[in-house]
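Novice: Listed below are the residues making up each chain.
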Amino acid sequence: MADPIHQFEIKKIATLGHVGGVEIAFTNSAAFMFAAVMLIAGGILLATVSRNPVPGRYRSAVEIIYEFVADMVRQGAGEAGMRFFPLVFTLFSFILVLNLFGMIPGFFTVTSHIIIAVALALIVFTTVIGYGFKQHGLHFLKLFVPSGIPIYILPLVVLIEVISFLSRPLSHSVRLFANMLAGHITLKVFAGFIGMLATGLGVFGFVVGLLPLGMTVALTALELLVAVLQAYVFAMLTCIYLNDALHPGH
Amino acid sequence: MAGPRSPKDDTELTARLKKLGERLGALAENERRDRDREDSARPRAAANPAGLARALRLSSEFVAGIVVGGLIGWLIDRVAGVSPWGLIVFVLLGFVAGTLNVLRSAGLVAPPGRSRDKE
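Chains as they are written, first to last, in the working numbering: chain A, 1 to 250; chain B, 1001 to 1119.
No lab work stands behind these hints: they were computed from the structure.
For each residue, glycine too, the CB sits at the ideal point set by N, CA and C.
Keep in mind that a hint or two might mislead.
What the hints assert, rightly or not - Non-contacting residues of chain B with respect to chain A, defined by C-beta distances greater than 10 Å in every case (computed):
#1 R1057
#2 V1079
#3 A1106
Claimed, not checked - Computed cross-link-like contacts, SDA-like style, restricted to lysine to any residue with a CA-CA straight-line distance of at most 20 Å:
#4 K142/A <-> L1056/B
#5 K142/A <-> A1055/B
#6 K142/A <-> V118/A
#7 K142/A <-> P1111/B
#8 K134/A <-> V37/A
#9 K134/A <-> V1109/B
#10 K142/A <-> A1110/B
#11 K134/A <-> M82/A
#12 K11/A <-> A25/A
#13 K188/A <-> D3/A
#14 K142/A <-> V1091/B
#15 K11/A <-> H136/A
#16 K188/A <-> T216/A
Unchecked claim - Some residues of chain A that are not near chain B, with every Cβ distance over 10 Å (derived):
#17 P53
#18 P105
#19 S167
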């Protein structure tokens, strides 16, 4: 049976050099990230190249994505949050395209590696902390002090709020990576059953093999939904977290 | 109008009771129909991606709180050498933080830094 983990293996394509004894290699993961960025940037540039004031079908599609993300930012972080629109749009389109790349057979799923998800979540986390302190100074720490709490349980509540805040990058990144990883392994395992049954049981196996085949088709549809939904959840939570940096302790 | 009640009064009373009962039944029936209509209208409103996105958040939010709490406790144990008290206390605090995360993502508790009554 095909190894269901094999698809996540990182392969070296070319060595770019060494930094302090650590090899810096161009991997298949990096190649797919490049491809995603090219597709997004190229696709949007191509859509805006026409000067026709009436948008065509293709440009309308790009505008719908823009409007979708802009609405999400306005809802999550308010009108002031629009200064973070480039960040949210980049994250959303990057994760969406990488997730959908993963749905194409034979393609590498970049977002199924926790290092990528953690890096993206830490970008958001450090942005929230950095912007919060820059904009509000020590006032930002009011985020951890809910108003109207009796003084004798305040230290406990602050401690809980701090743990809750620190758990954000963890849940933010683990949700994305775990959903993609688990989904792809499940898909691969069910697809593997078909080959095993057909080779192992002969004609009877072909008949029974229809069950995992149907399951694989259904799971593919589900995974497509999860791929889009996870990109949406990641971007939506980014907006909610940025809202805390913009308005701490209202 | 004191005195023994006549059979005529009794029949009048039962008739009135019956009429009252019928009106109450009709009112309750109306109310139930209204509620049913509202119930059937609600799922359509909740069928946007935000509801599904919210549901997907819940489990990971809870686990993240406990893991981070446990991690902090473990680090305190290593640094301060008070094992196992750091772990015990901070896993419990992490549990509380995880529950808070879940309630917050379900929209049942005010977001951080805000009190409910001010909203």
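Novice: Decide if the proposed pair is consistent with the structure: K188/A and T216/A, CA atoms, cutoff 20 Å inclusive.
Specialist: Answer holds: K188/A to T216/A is near 8 Å, not above 20 Å.
Novice: Could you grab the alpha-carbon distance between K142/A and A1110/B and see if it respects the 20 Å cut-off?
Specialist: holds (14 Å)
Novice: Going straight from one Cα to the other, do K134/A and M82/A come out at no more than 20 Å?
Specialist: Holds, at roughly 17 Å.
Novice: Quick one, are K142/A and P1111/B close enough, alpha carbons at most 20 Å?
Specialist: holds (12 Å)
Novice: Taking the closest pair, is the beta carbon of A1106/B still more than 10 Å from chain A?
Specialist: Fine: 13 Å to the nearest Cβ keeps A1106/B off the interface.
Novice: Confirm or reject the statement that S167/A sits farther than 10 Å, beta carbon to beta carbon, from all of chain B.
Specialist: Contrary to the label, S167/A does not stay out of reach of chain B, its closest Cβ about 4 Å off (not over 10 Å).
Novice: Is it true that the CA of K142/A sits at most 20 Å from the CA of L1056/B?
Specialist: Answer violated: K142/A to L1056/B is near 29 Å, above 20 Å.
Novice: Hint check: K11/A vs H136/A, CA-CA at most 20 Å. Holds or violated?
Specialist: violated (45 Å)
Novice: Taken at face value, is the distance from the CA of V1109/B to the CA of K134/A at most 20 Å?
Specialist: violated (28 Å)
Novice: Check whether the Cα positions of K142/A and V118/A lie no farther apart than 20 Å.
Specialist: With Cα atoms ~26 Å apart, K142/A and V118/A exceed 20 Å; violated.
Novice: Within 20 Å, alpha carbon to alpha carbon, are K142/A and V1091/B?
Specialist: violated (24 Å)
Novice: Going straight from one Cα to the other, do K134/A and V37/A come out at no more than 20 Å?
Specialist: Since the Cα atoms of K134/A and V37/A sit roughly 30 Å apart, the hinted pair is violated (cutoff 20 Å).
Checked against the numbered hints given earlier, the structure breaks hints 1, 4, 5, 6, 8, 9, 14, 15, 19 and satisfies all the rest.
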